[in-house]
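Following the hints, put chain C in place on chain R, whose structure we already have.
Residue-level listing of the chains:
2 protein chains.
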Amino acid sequence: MKCTVCKGPAVIDVRRHNANFCAEHFLRLCRDQVARAIKDFDMLGRSDRVLVAVSGGKDSLAVWDILLGLGYQVDGLYVGLGIGDYSDSSGGFARAFATERGLHLVEVDLPTDHGFDIPTGARAAKRVPCSACGLSKRHLFDEAARSGGYDVVATGHNLDDEAAVLFGNVLHWQADYLGRQLPVLPARHGFPKKVKPLVRLGEREMAAYCVLRGIDYIVEECPMAAGNKHLGYKEALNAIEAQSPGSKHDFYFGFLDRGSHRFTPDAEVEQRDLGPCERCGVPTTGEVCAFCKLVARATAVPVELGRRT
Amino acid sequence: MKCTVCKGPAVIDVRRHNANFCAEHFLRLCRDQVARAIKDFDMLGRSDRVLVAVSGGKDSLAVWDILLGLGYQVDGLYVGLGIGDYSDSSGGFARAFATERGLHLVEVDLPTDHGFDIPTGARAAKRVPCSACGLSKRHLFDEAARSGGYDVVATGHNLDDEAAVLFGNVLHWQADYLGRQLPVLPARHGFPKKVKPLVRLGEREMAAYCVLRGIDYIVEECPMAAGNKHLGYKEALNAIEAQSPGSKHDFYFGFLDRGSHRFTPDAEVEQRDLGPCERCGVPTTGEVCAFCKLVARATAVPVELGRRT
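So the sequences go chain by chain: R and C.
In this text, residue positions in the first sequence follow numbering that gives the first Met the number 0: the first is 0, and each later residue adds one.
In this text, residue positions in the second sequence follow numbering that gives the first Met the number 0: the first is 0, and each later residue adds one.
Chain R with its partners taken away, still in its complex shape (with noise of 0.2 Å):
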């Protein structure tokens, strides 16, 4: 097996992009397909300050590195969910990444900060733990950015990531979620812009990714995560990118190209009814945001439900 480019022996194959690469090649490879992909959406400037959320596995640290190499200004952030062992496992991973390199790392810790973790909240709020995480963490993210005065958060979600989400949601057809999944969301009523650097890339791509550079991230999936239906949709879509190669790709890049603007009246809707909570001031459809009323559950504070008319 050869370099595509270089004819020198290859590491690593992309059938979908019938291609095989050399190490140096393929971390070149990726790199351009993070410029390409920051380029095709508007996604970074280079005056922004860039909060990267890290979880201490592969995407996150690999979109870390390589925003790095491409000369942003980019800090990390952590968010401790309380997950057990596995929380500590992979804050360790992080903070290992950014004192390794003298990285700045902003830490926010969910039980220390807001008196609960996940397992307790999800069980708490009756969500599947999946559920509540995603939540908290966006709540967390847009917290930690605009107190940091940071423009943009950017995460790890890679073309796997991205292609199961939009099966999900297919399969459901929820037009609302459709019309704003979308690699970068504008700032506006207080959020950060965010973005992902990665939906060009592959789940096996940026597993190379860190082994060819060098960088330790946990590799165990979340516990709480096993048999969720995310993982179902990434195993039917893996399936068929085995059939035919490009084919989340083709899904996933079709979509934003003839889909994605469908949907966006659906998505506007909601925006249009957004308020400020009651109790953090965040932008919400109803009195109360989200994560306000899983804290209030997970805390056993009663918080008096409504919806703004």
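Certain hints may be false.
It does not matter which identical chain is meant; a pair holds if it fits inside one copy or across any two.
[To be verified] Listed below are the simulated SDA-like cross-link pairs for lysine to any residue, each with C-alpha atoms no more than 25 Å apart in a straight line:
#, residue 1, residue 2
1, Lys-125, Ala-241
2, Lys-125, Asp-175
3, Lys-228, Ala-241
4, Lys-136, Glu-286
5, Lys-228, Gly-253
6, Lys-125, Gly-245
7, Lys-136, Leu-273
8, Lys-136, Ala-95
9, Lys-228, Gly-245
10, Lys-228, Gly-167
11, Lys-125, Gln-242
12, Lys-228, Asp-249
13, Lys-136, Gly-280
14, Lys-228, Ala-238
15, Lys-228, Ala-18
16, Lys-125, Pro-244
17, Lys-228, Pro-118
Please keep in mind that the hints were generated in silico from the structure rather than gathered at the bench.
Only chain C this time, still in chain R's reference frame:
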């Protein structure tokens, strides 16, 4: 396992309905689901002369049987495609069904009437066999319905089929195909109305229906379909369905409710550009329709290709 309706011994469970059925109530379920699809989508009127396209497989023989049971006037149409033993065998099942019940079966034979079979046609036109077969069948169904004075062509596409076609269309975001993927296509431009009365029933149910009604059908899949993408889409959706029963139903009917109308304009653009094929007169977007091009290639008669300007 007890029948959810009568508490007698059940013969089948239908997970997406979270219910079990005895033979009597399962057959009633199948008829009720077809009656509901006919009503919800205004598929058939009592005075319509219906031509059901039968392949000799479970779905098409079942839909013929159910439509007759519901009191509609239905003849069958068998199209011989020249796929070796498979065609001989499938034709035998269709003829036996009709003969045993004293029904009228119209027969058309692609090799006899048009001088080529599907394997030859696919090779000559450099199409995958399922593509050459699909376009041939659509043409021959239309032709038989018009020459026989039928109002409606009914096909045996079930929920599994439609969900898999939808998945393929969504994976590629084929807006024009999505715009016309409906359980009913109205009569227009000389095409008869087309209906899919089995859209509320799955593959497994249709097999059970045939067994319980004593209908002999060809069990083998078409040998030319092995390994095609459609079967891959079915497998992927089966995995999702096993994880969450009802997923296929929600995917397809959610599309009809909340997705389909967004793609209608793309299908209408194509409709607007239709004119008569200069060889056979059917509506087409080019000068010569896809079937006449296939005939020309398969029988080695040169055809001048071009598009209407």
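Consistency of the hints with the structure:
1. Lys-125 to Ala-241: between (37 Å within a copy, 24 Å between copies)
2. Lys-125 to Asp-175: Result: close within a single copy only, 23 Å intra versus 42 Å inter.
3. Lys-228 to Ala-241: both (20 Å within a copy, 11 Å between copies)
4. Lys-136 to Glu-286: within (20 Å within a copy, 58 Å between copies)
5. Lys-228 to Gly-253: This pair counts as both: shortest intra-copy Cα distance 23 Å, inter-copy 18 Å.
6. Lys-125 to Gly-245: Result: close only across copies, 22 Å inter versus 38 Å intra.
7. Lys-136 to Leu-273: within (19 Å within a copy, 52 Å between copies)
8. Lys-136 to Ala-95: within (21 Å within a copy, 64 Å between copies)
9. Lys-228 to Gly-245: For Lys-228 and Gly-245, both the intra-copy (22 Å) and inter-copy (14 Å) Cα distances are at most 25 Å.
10. Lys-228 to Gly-167: both (8 Å within a copy, 20 Å between copies)
11. Lys-125 to Gln-242: between (38 Å within a copy, 20 Å between copies)
12. Lys-228 to Asp-249: So Lys-228 and Asp-249 pass the 25 Å test inside a copy (22 Å) and across (15 Å) alike.
13. Lys-136 to Gly-280: within (17 Å within a copy, 61 Å between copies)
14. Lys-228 to Ala-238: Both ways: Lys-228 and Ala-238 sit 16 Å apart in one copy and 11 Å across, limit 25 Å.
15. Lys-228 to Ala-18: between (32 Å within a copy, 23 Å between copies)
16. Lys-125 to Pro-244: between (39 Å within a copy, 21 Å between copies)
17. Lys-228 to Pro-118: Intra 18 Å, inter 41 Å, cutoff 25 Å: intra-copy only.
In terms of the numbered hints stated before, the structure departs from none.
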